[in-house]
Amino acid sequence: MIWRYILKRILWMVPFLFGVSIVAFLLIQAPPGDYLTTYIAKLGESNEVMDQASVQNLRERFGLDQPLYVQYFKWVSRLMVGDFGMSFEWRQPVSDLVWGRMGLTLCLSMATLLFTWAVAFPIGVYSAVHKYSFGDYLATTIGFIGLATPNFLLALILMYIGVVHFGADVGGLFSNEYKNAPWSMAKVWDLAKHLWLPVVVLGTSATASLIRIMRANLLDELNKPYVDTARAKGLSEFWLIMKYPVRVALNPFVSTIGWVLPNLVSGAVVTAIVLSLPTAGPLMLQALLAQDMYLAGAFVLMLSSLTVIGMLLSDILLVLLDPRVKYD
Amino acid sequence: MTRNWRFSSVAALAVGVFLHPFTAMAGEAPALAEAVAAGNLPPLEERLPAQPEVVTGLENIGAYGGKLRRMLGGSNDHNSILRIISPQGLTRWKPDFSGVVPNVAESWTTNEDGSEFTFKLREGMKWSDGEPFTADDILFFVNDLLNNQEFYPNAPARFVVAGEPMQAEKVDDYTVILKFAAPYGTFLTELATPLAQEPVLWAKHYCQQFHPAYNDNVQAMVDETEAVEDWPALYRLKCGEVEAPNRWSNPERPTLDPWVVTGEGYSAGSTQVVMERNPYFWQVDEEGNQLPYIDQLEMGVAQDNEALVLEAIAGNIDFQRRKISNPANKPVFAENAEKGGFEILDMINSNSNSMAIHFNHTHKNPQMREFIRNHDVRVALSLGIDRDEIIDIVYQGQGEPYQIGPRPTHVLYNEQLGKQFTDYDPDKANELLDAAGYAEKDDEGFRLFPDGSRIVFNAQYTGVEQPDWGDSLEIIKEQWEEIGIELNSTSVERSIYYSRGEANEHDFMVWGAPGGLDPTLSPRDVLAVHPQASWFAIPWTRWYLSGGSEGEEPTESMKKRLALYDAFKQEADQEKALDIFRQIHQEAADEMEIIGIALAPNLVGVVNKKLMNAPRSLPSSWMYPDPGPTLPQTWYWPES
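Protein chains in written order, with the numbering used here: chain A, 6 to 333; chain B, 101 to 740.
Bear in mind the hints are in silico, worked out from the structure with no lab data behind them.
There may be inaccurate statements among the hints.
Stated by the list, open to error - No more than 25 Å apart at the CA atoms, straight line, and that leaves these computed lysine to any residue pairs for SDA-like:
no.: 1; chain 1: B; residue 1: Lys304; chain 2: B; residue 2: Glu206
no.: 2; chain 1: A; residue 1: Lys47; chain 2: B; residue 2: Ala333
no.: 3; chain 1: B; residue 1: Lys710; chain 2: A; residue 2: Val169
no.: 4; chain 1: B; residue 1: Lys167; chain 2: A; residue 2: Pro187
no.: 5; chain 1: B; residue 1: Lys669; chain 2: B; residue 2: Gly263
no.: 6; chain 1: A; residue 1: Lys79; chain 2: B; residue 2: Lys338
Said to hold, decoys possible - A few chain B residues that don't get close to chain A, going by computed Cβ distances all over 10 Å:
no.: 7; residue: Gly552
no.: 8; residue: Asn558
no.: 9; residue: Glu671
Every residue, glycine too, gets a C-beta built ideally from N, C-alpha and C.
Using the sequences provided together with the hints, build the complete structure.
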């Protein structure tokens, strides 16, 4: 049964995430040195002297003088009660830092996903049905350009044009007056006005590849006998395509949901940095660079959870969509 | 100390004179006057100290209103806030970086041997929440925090002399004596540096609630606060600490700053930090108007330095050099200055050199160590570098051949330390190396150690932060081939770079040389005193800092310098102290442990054309946390 299937999958997530937490912790610890090495390096850059006593103080305060497994168990046991620990770099509880970022990240991810689908789906179908037509070539060309241009470059170009030629306010997700304001309709509208730029930038390459996948898959299906049968039975061409081949060809859309969520968090880091987006990516990158392990660890865990949830979603959707997929 | 510091804004001055008659009447900001009228705020004379400090703006008496826009880097850029707020310590730098003047303290006296400092505070001075600021606040720091083993297992070095932490004695509410176990001649200067603000950072009436000596229920507060394990952690979370962003994340924490944070302050989630005037700020202009003039600081957050440059050229930044100060940005700024309505800031570089080569005098390989420690060899390696070529190719012609040491405009300038052996003379270099006993070469023309192995320098640099170092090293590699020395360079990540250096595993390290305008504050290139960054001899530093029990004994020359440095720190007489430093520099010049490439060129920044009282040229340094000491509280907008 589908419910049992879902339940089983959810239960499997627990040991999986536990494993992930170990790997994440070890990976963050893998580079030589620790947060204090990075911190001292940063102070050295501004010609600040860090005396040995203070270094020792900090090391003890952060528990960095303890063996690795002790640090890990301290972290994990606190995770159980929802305490993510203290960020070394920001000297604030990690949970204060993470949730706001994750919220905006999800919002941006969803908007990008919808944009990608809204564009890729009709164009892909059109390209496949009108193979080698002018429209197909046009869509293909634009798609390839979108795929080939690095996102951050596109972002920089759009920002430069915006600033220099239109005096536009680019970068960030809000205008100055709404940045610190509480949520309101006006703030949501302001967000919408800023959201299109990152959505377009982040969506272009994904759109391009989905167009190609859709087109290829649909082309495979269009020549199959069941299509001819349906056509012979007098089904209108539009319904015919939508109801059978498109449904099969949708498979890759659905099966990639699992990657889309974490991809938008991690893969879009450079773009998010360029566009000054207050999403999770830049903060996670900085935490990793600084070896701020509790903060980085929290992000890695969230990303893993998102991946697992995304995979679950796409599996469920696949089961519903494609009768050939079995659950067990 | 510096003479070349100047304010060059003749045009702005003219506008200012014209506008002068329109400035507001003596008093306070209109918004505060309204609050007083509405009964929400005590009148001005009750908010100011009995004798507020009178400060003079650069050009004119200003006018109230407006906001100042700046940008913060996305990752942990709290020091950018510190720089504009200026660390309000007991003392502060004069605007020209030439010495210190009273700040939070009204005045001070020093005892004869320079071990006790009596600070007079301003009567009636208030914290930003209206509570009085008194000697008890300073005693709270000294007795309950500095000398509390739970809070500081080891007290910060700047408050420790002869192994004993600073002690305090209260004379009356407005007089306090700070005492040390031995003379501490540089204490007053130290207090003006950005991280020595602790004595007046924490308001006792607020922060004591997080201290077990004053609140029996601290443990309950610790338990209910996430991620906090003990009271010092809770204290630091709520009351902030000097070198951490959470200092600006609690708007309830009272301060002595001209502006205070509002809303959520600064944290990793911030996209903007807004600060508003402190209604109890304790400085006034010459006409008795309470400062600051500007109502609000608005600091956006951008992750990427290029995005910051874009904001600057779009005219969205009113005063800033941080993150955009790379001299390579100068042409971009020049091109857009008109459209963006800004001028280019001339930031006098406090660094000595753009790039210094710190040969490792304590190298683990005895042959390499002997090679590096040979004075003639170092002279040869210096003569073997064509600095003009590097300056042309890598530094866009900015700078001149230079070793290290104070900049030519500084009172401590030592020509030998700065300019010796900077001409390019490969023939002479070859002669010196031959004479030094390294005449044998292999078939590729590289010199050999006595055991027949090739002399090779393997150097690392932090390529992400400083790509120019890599470019320069490539050129030096070719130039050194002429004198038979092989050089291999690789780019590494910064913390790895530091770990290698601290592990003493380097042939030489490349880093910028501080000490151009702040030679006495950042002497790490002429004295082995910095345990992480006196790259030329980390084990000597350890020897010095551990009193001889760890590390490695330095050379006679270095021991002499370290003894002089100890004398310097105790010397209260400024002139005598400078003379001691002259001896240190002379000794360092004769020894020439490290070599430099080019005098560090000035940095750039942007300043809104209309911003009055703001300098157009100023020193750029961390010890002088620019632009704070130029008193941003006196800056103003002429029309608003």
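For each hint, the structure was consulted:
1. Between the alpha carbons of Lys304(B) and Glu206(B) the distance comes to roughly 20 Å, so the proposed pair stays at or under 25 Å and holds.
2. Of the supplied pair hints, the one linking Lys47(A) and Ala333(B) holds, its CA atoms being roughly 22 Å apart against a limit of 25 Å.
3. Distance check on the hinted pair: Lys710(B) and Val169(A) sit about 21 Å apart at the alpha-carbon level, within 25 Å; holds.
4. Of the pairs offered as hints, the one joining Lys167(B) and Pro187(A) holds, with about 21 Å between alpha carbons and a cut-off of 25 Å not exceeded.
5. Restraint check for Lys669(B) and Gly263(B): the C-alpha separation of about 14 Å stays at or below 25 Å, so the hint holds.
6. With a CA separation close to 23 Å, the supplied pair Lys79(A) and Lys338(B) stays within the 25 Å bound.
7. For Gly552(B), the condition that its CB be more than 10 Å from all CB atoms of chain A holds, with the nearest at approximately 33 Å.
8. Chain A leaves Asn558(B) outside its interface by the beta-carbon criterion, the shortest separation being 17 Å against a cut-off of 10 Å.
9. For Glu671(B), the non-interface assignment is confirmed: its Cβ lies about 20 Å from the closest Cβ of chain A, beyond the 10 Å cut-off.
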